[in-house]
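Once you've looked at the hints, dock chains B, C, D and E against the given chain A.
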Amino acid sequence: MYIGRVIGNVVATTKDSSLKGKKMLIVEKLNIQSNTAETSEVAIDTVGAGNGEYVLVTKGSSARVSSGMDSAVDAAIVAIIDSIEIEK
Amino acid sequence: MYIGRVIGNVVATTKDSSLKGKKMLIVEKLNIQSNTAETSEVAIDTVGAGNGEYVLVTKGSSARVSSGMDSAVDAAIVAIIDSIEIEK
Amino acid sequence: MYIGRVIGNVVATTKDSSLKGKKMLIVEKLNIQSNTAETSEVAIDTVGAGNGEYVLVTKGSSARVSSGMDSAVDAAIVAIIDSIEIEK
Amino acid sequence: MYIGRVIGNVVATTKDSSLKGKKMLIVEKLNIQSNTAETSEVAIDTVGAGNGEYVLVTKGSSARVSSGMDSAVDAAIVAIIDSIEIEK
Amino acid sequence: MYIGRVIGNVVATTKDSSLKGKKMLIVEKLNIQSNTAETSEVAIDTVGAGNGEYVLVTKGSSARVSSGMDSAVDAAIVAIIDSIEIEK
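Note that the protein sequences, when read in sequence, are chains A, B, C, D and E.
Start counting the first sequence at 1; every next residue gets the next number (the UniProt record's numbering).
Start counting the second sequence at 1; every next residue gets the next number (the UniProt record's numbering).
Start counting the third sequence at 1; every next residue gets the next number (the UniProt record's numbering).
Start counting the fourth sequence at 1; every next residue gets the next number (the UniProt record's numbering).
Start counting the fifth sequence at 1; every next residue gets the next number (the UniProt record's numbering).
Hints listed in this document are in silico derivations from the structure and should not be mistaken for laboratory results.
Treat the hints with caution; some may be incorrect.
[What the hints assert, rightly or not] Listed next, the in silico DSSO-like pairs over lysine-lysine satisfying Cα-Cα at most 27 Å (straight line): (1) Lys29/E to Lys88/E; (2) Lys88/C to Lys20/B; (3) Lys23/D to Lys22/E; (4) Lys88/D to Lys29/A; (5) Lys22/E to Lys88/D; (6) Lys22/A to Lys29/B; (7) Lys20/A to Lys22/B; (8) Lys29/C to Lys23/B; (9) Lys29/C to Lys88/C.
Okay, chain A solo, but in the shape it has when bound (with noise of 0.2 Å):
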């Protein structure tokens, strides 16, 4: 999974049924080490994380774990990150 932070959101009238009812919101990918951000996606949020928030975003068919087996999402966002400890 990697850690990111929310800078925006995407609205789709015309979408698969599946993915009605779901929000679509932009996540900023970040490189922790250097503090910088890379590139930026669209996940489905479950967990009720708002923008700019530092969530946790899972990839692949596991994210469909989190947003429903029948939907066609590939990034879910599945944790907002309360504190990130790095110790080299």
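Just chains B, C, D and E now, with coordinates in the frame of chain A:
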């Protein structure tokens, strides 16, 4: 999922039977923060997307949820985007 | 799925039983916008593709839909391309 | 699978129910030939790994084999490495 | 699938039970056109490959087809390569 723009299409007569009757569109992946285009690939259209439209693409086995679990597809257009909101 | 060109083949006598009798072709991935070649990899041919032909390759578990769900395959050629149309 | 080193952990109270009780560790992916660190990500610990330990990480749906097929997990620590032998 | 060369192995006593008895080899991914080595990773050997041999590696859930669907494995060696033929 990633945000992309439809820039063309592919025609193939000789193909896996599961692809028959499916529209194969070329989608340019967009970096929505720098508003630049990255790589492009072929995705099955499942929502009636047209050329130039901004779309949401799902990858991997999740793409088969919208194009049919018995289809040899690893990328599917699952939404036509109305609006993108970024609040950094 | 990505667009590629068949540039060769691989022969292996010692292999997983699920690969027996399957043609293992080397496909060069093409960046269709800059018309340059990127990486290359091995894909199972499921449509009778020949050397030099432009093909469509499906990756991951979806590749097994065309080559057999019980085959240890993560890339399959699923179409021979007739035409590519780009309208930017 | 890739070889990595545990460099920290993540704490999240609000999360997918399938993540409850699971240790979320930050793993730095290592390029074992140049002995340099690449990206880092979060993996579920399934073998009792501690900070600073060299581990083996499995990605994708295969990660769910060790963390539970009903867990929203795409990366799992599946071994603590005793030794690495390179003979080029 | 990608073409690689076996360059070493990994030993781990503490590991997921599904990895017990499986040979964990380090494979260097080869760019067959420029004949240079790219990244390296750990793959489960399922065909008796030895150090220095050129092999074919399958990734993701398809790797579990050869190493056992209940194994926490995302990369498996599925063939020992006899010959590579490139005709550009």
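Okay, the hints, checked on the actual structure:
1. For the proposed pair Lys29/E and Lys88/E, the alpha carbon gap of about 21 Å is at most 27 Å, so the pair holds.
2. The suggested pairing of Lys88/C with Lys20/B holds, with an alpha-carbon distance near 26 Å, which does not exceed 27 Å.
3. For the suggested pair Lys23/D and Lys22/E, the alpha carbons sit about 26 Å apart, so the restraint of at most 27 Å is met.
4. Among the hinted pairs, Lys88/D with Lys29/A is inconsistent with the structure: their alpha-carbon atoms are about 35 Å apart, more than 27 Å.
5. With a CA separation close to 22 Å, the supplied pair Lys22/E and Lys88/D stays within the 27 Å bound.
6. For the given pair, Lys22/A sits about 22 Å from Lys29/B by alpha-carbon distance, which is consistent with the 27 Å threshold.
7. Annotation: proposed proximity of Lys20/A to Lys22/B holds, straight-line Cα distance about 23 Å (limit 27 Å).
8. Of the supplied pair hints, the one linking Lys29/C and Lys23/B holds, its CA atoms being roughly 21 Å apart against a limit of 27 Å.
9. Our distance criterion of 27 Å between C-alpha atoms is met by Lys29/C and Lys88/C, whose separation comes to about 21 Å.
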